[in-house]
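Residue numbers (numbering that gives the first Met the number 0), protein chains in the order written: chain A, 0 to 458; chain B, 0 to 458.
Because the hints were derived from the structure by calculation, they are not lab data. Some clues are possibly wrong.
The list makes no distinction among identical chains, and a pair is therefore deemed to hold if it is satisfied within one copy or across any two copies.
[Unchecked claim] Computed list of lysine-lysine pairs in DSSO-like fashion (alpha-carbon distance at most 30 Å, straight line):
id, residue 1, residue 2
1, Lys235, Lys349
2, Lys76, Lys159
3, Lys38, Lys338
4, Lys269, Lys8
5, Lys69, Lys239
6, Lys269, Lys187
7, Lys49, Lys69
8, Lys187, Lys76
9, Lys275, Lys38
10, Lys360, Lys457
11, Lys49, Lys74
12, Lys315, Lys281
13, Lys166, Lys315
Number of protein chains: 2
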Amino acid sequence: MQAVIDYLKQNEARFIQELCDYVRFPSVSAQPQHTADMKACAGWLVEHCKRIGLTAKLCPTAGHPIVLAKTPPVKSKTRRPHFLVYGHYDVQPPEPFNLWKTPPFEPRIAGRSLFARGASDNKGQNLAHLKAVEAYLKTSTELPCDLTFVIEGEEEVGSKSLASFLKAHRAELRCDAVVVSDTGMPSKKHPALTYALRGIAAFEIILHGPSRDLHSGIFGGSVDNPAMALAQLLAKLRDKNGRVAIPGFYDDVEKLSAYERKQFARLPYKESDYRKFLGVEKLFGEQGFTPLEQRSARPTLEINGLTSGYQGEGSKTIVPSWARVKITLRLVPDQSPAKVIKQVRQQLEKLCPPTVRMEIKSGHGAEPYIVSPTSVQAQAALRALKAAFGHEPVLMREGGSIPIVNDFKKILGADTLLLGLALPDDNAHSPNEKFDLDCFTKGQLMSAHLWQELSEVKP
Amino acid sequence: MQAVIDYLKQNEARFIQELCDYVRFPSVSAQPQHTADMKACAGWLVEHCKRIGLTAKLCPTAGHPIVLAKTPPVKSKTRRPHFLVYGHYDVQPPEPFNLWKTPPFEPRIAGRSLFARGASDNKGQNLAHLKAVEAYLKTSTELPCDLTFVIEGEEEVGSKSLASFLKAHRAELRCDAVVVSDTGMPSKKHPALTYALRGIAAFEIILHGPSRDLHSGIFGGSVDNPAMALAQLLAKLRDKNGRVAIPGFYDDVEKLSAYERKQFARLPYKESDYRKFLGVEKLFGEQGFTPLEQRSARPTLEINGLTSGYQGEGSKTIVPSWARVKITLRLVPDQSPAKVIKQVRQQLEKLCPPTVRMEIKSGHGAEPYIVSPTSVQAQAALRALKAAFGHEPVLMREGGSIPIVNDFKKILGADTLLLGLALPDDNAHSPNEKFDLDCFTKGQLMSAHLWQELSEVKP
């Protein structure tokens, strides 16, 4: 291992130059004008993988190609562990350009920050894993496991081709765990394993009232106002303790263990800073839980949009014909989107007054995700983080959803270890995105340690 | 009087031709391209008034000119009653043209209907009054009162110049009552005096939450959602009995008298027809009142518009930064917009949770209006209606506001008698507007009788 560590140290400057080369490609998956740039970036990546000693190829999909790379086969009498490393080479659109201090695809280094679109999300993070495996291969240090890299080009547009790719390559991709560095850590002193994600269930309610907008002077008072009916319906979906008021909603929610709550308590958090960051005078959430727990380990019902009647300047005196709300529920293990949507429908049908007609449209759903934080793989990952960063790592839940981890579980039968290298101020998806070069080098080190630690445990 | 009645009968065909001439002017006050048409229409009206024996002139304003016409001065030892007849020569925009069966400014007669923009609102109605006075003047029948006609050109755009015109001509316009035919009657068998109007108070509430839209996955559950806070706030403004839940709101509401409720009961109404007309399965309104009472004699709080967060297709997973509602309250005698807005503010401030910041914007207000239905003038008007239409007239309240009646009261000190000649299916403000020729001829007769009846009573 010392040779690997030394190699990483000695080649640090070149690695940074390679990351600069990588981020120069404007690989914006959402914008058709960048289709050729996408292809060029993927091609560069394949060549890069080959140069460091991997076998690599470009796999065409219905959308942008996927880069598939593997460590060279090793003859072994016993079954060798196999891990899959997932990343993506596509980036968010850089607009608005005028908010960037320097052009998004011209990397700029200032102190320990490398500024460029995609530096943190996700090129810097997936390149860190490639540099770790390069160190093994170039120093002829024996890797205790086989590694497969799947680096896709459609993460920022919904990973539309990934599931069918996983299905088509199910046999060769079957693995002991998937490793993804595409999440964050609270600070460089708090390297993190994200062990749970919230799921989601989206739906829309439209309450239909009169067949057209009515003059509120002439008719108002004698017919229900669908906007008021909607307000009264919505008001009943959250109680004063911040709980979702849908019967059965909490039935499948797994209780936070004492161990988990202890981990939450270790996360850096200061309420006044958090309030300031959000721009609110006072926080609000489910009673009995801390804000960090509320936003990641507890389910919630959020109104995403309201639409009814007149929205322009001044006033228009109408009883609107209809009112609409867009809602997403964030779910936690072991809630299921389908079951929750059924519970919501039942409650809405019970609450809806006979003076309006209700239409419910179900939208997308995603299961919540959890890997036991006390599993041997999770604990192995924590050891790798500690060895690389020199600080006791934290265990985190994230409040958002990453649908692909459910695909890995369903299609490949593997758990995913989320070992994110992004810092909270990396400006992912925003102008002036940057990646911290310490996270880059320590990420390489973490990856180098990870294969040792993971290969020693039996999941 | 018989000479007057005979004259009206004998000249019916010519009057209809004159109404056709009048509606041919595309006098659309809202559209700058019709400024010359407005002037031409007003000029035609002045000439017409002169031709029938009135003194008449065009009074320029900051906007469109006002036509001012008077009956010739009569020498009299005693003070003669003086009544003001108000009307307007401007019309609503005719768009969308494609929904008109024949062009809006090319009058078409079918059966007893004259189709044209402005036929019912308001040219046919104000011309009926002019034809009645023509009959008096051309038959040398003595008018028992002096009459002044004020026919403005900005009614459809808010009567912006009328108040200052009334103030500038306060002395010569001082009168015993104002007569306005610009409302409706339920049917030709139910000629109507509208004796009360609702007032209005408009306001807007904006609840401010986080300083920007937040990712609902990452932050949802730990910060209040302003759209939910708004729904819960609004839900508390109307109770389950359909009453406005603002302390003190009903304090100044005058109780409906037994006489008034009896009048309401005489109005033609069938619930199934009304439901069908509105397009709803079930009506809703304040308990203890009929729908006709609810929509005209009871105050109400109506949401006119809701806006928050994402309104496009599909979903956007955010906690919106703010949520807005537009509200109008319809007020009844003796509620005052200023007092009600104060009550609303107090209640909102009491209800608003500390987790959002509330901004309230007050909009326009208008006082409710009432003329005692048992006053001598109201009863005189009812006699004129009965004489002309041959049916027992009904007393009505209207749910909308007509702000100018408050100006007549404040500036001229006069009550307004609303003797509308429009039928419910006249399509005012809509394509294929029409005026019923029976309403035209009976309206002339009503006007002829009205001056006799009104001049005999002392207000």
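Okay, the hints, checked on the actual structure:
With identical chains, the CA atoms of lysine 235 and lysine 349 are at most 30 Å apart both within one copy (11 Å) and between copies (20 Å). In this homomeric assembly, lysine 76 and lysine 159 never come within 30 Å of each other (Cα to Cα): the closest approach is 38 Å inside a single copy and 95 Å across copies. In this assembly of identical chains, the alpha carbons of lysine 38 and lysine 338 never lie at most 30 Å apart, being 41 Å within a copy and 68 Å across copies at closest. Proximity of lysine 269 and lysine 8 under a CA criterion of 30 Å is satisfied in neither setting, with 35 Å inside one chain copy and 88 Å between copies.
In the homo-oligomer, the alpha carbons of lysine 69 and lysine 239 never lie at most 30 Å apart, since the shortest distance is 54 Å inside one protomer and 67 Å across protomers. For the identical chains of this complex, lysine 269 and lysine 187 are intra-copy neighbours only, at 17 Å inside a copy versus 74 Å across copies, given an alpha-carbon limit of 30 Å. Proximity of lysine 49 to lysine 69 under the C-alpha cut-off of 30 Å is restricted to the intra-copy arrangement: shortest distance 9 Å within a copy versus 100 Å between copies. When the C-alpha separation of lysine 187 and lysine 76 is checked against a cutoff of 30 Å, the pair qualifies neither within a copy, at 40 Å, nor between copies, at 102 Å.
Taking the shortest alpha-carbon separations for lysine 275 and lysine 38, neither the intra-copy value of 42 Å nor the inter-copy value of 60 Å comes in at or below 30 Å. Taking the shortest alpha-carbon separations for lysine 360 and lysine 457, neither the intra-copy value of 45 Å nor the inter-copy value of 65 Å comes in at or below 30 Å. For the identical chains of this complex, lysine 49 and lysine 74 are intra-copy neighbours only, at 20 Å inside a copy versus 114 Å across copies, given an alpha-carbon limit of 30 Å. Only between protomers do lysine 315 and lysine 281 lie at most 30 Å apart by alpha-carbon distance; the minimum there is 25 Å, versus 34 Å within a single protomer.
With identical chains, the CA atoms of lysine 166 and lysine 315 are at most 30 Å apart between copies only, with a shortest distance of 29 Å across copies and 55 Å within one.
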